[in-house]
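Heads up, the sequence shown is in this note's numbering, so the first residue is 188 and it goes up one at a time.
A hint or two may mislead.
Straight-line C-alpha distance at most 25 Å; calculated BS3-like pairs for lysine-lysine [to be verified]:
#1 K279 / K225
#2 K289 / K255
#3 K225 / K289
#4 K279 / K259
#5 K279 / K289
#6 K259 / K289
Please keep in mind that the hints were generated in silico from the structure rather than gathered at the bench.
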Amino acid sequence: MILTGTCYNRYDRQPLFKSAIGMLLLQMFLPLYDNAGKQFPEANFLDLRQELTTRFGGVTIYSRSPVKGLWKQDESSVTEDEMVIYEVLVDKLDTSYWTRLKLRLQHTFRQEEIMMRYYEVTRL
188 MILTGTCYNR YDRQPLFKSA IGMLLLQMFL PLYDNAGKQF PEANFLDLRQ
238 ELTTRFGGVT IYSRSPVKGL WKQDESSVTE DEMVIYEVLV DKLDTSYWTR
288 LKLRLQHTFR QEEIMMRYYE VTRL
């Protein structure tokens, strides 16, 4: 169920913003380098940007300061990844599409798993 509401300016009753409860913010964490430390081709990122923009009307990409991910491979070593985050705002979750995309990204970026998550958000 999607609930909507509008906030108005108290002087002229013009809408200030419209909110939509039930929007989903989907995030994808993509590594910049493979396990050997070689940078992935820019085309991998540009192709995904084009696909998401075409399908959803836009994408937000956090790429200026890559995020760092750390995890334990075993008891004695910690692995670090530098990643960019792609975000898309959607009305509903098409699990079939996102599952296929995740599998394709795991293959493209040669990863055992690509972290993808979503949150329900209220857009102002």
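Would you pick out the hints that fail for this structure and give their numbers low to high?
1 and 4
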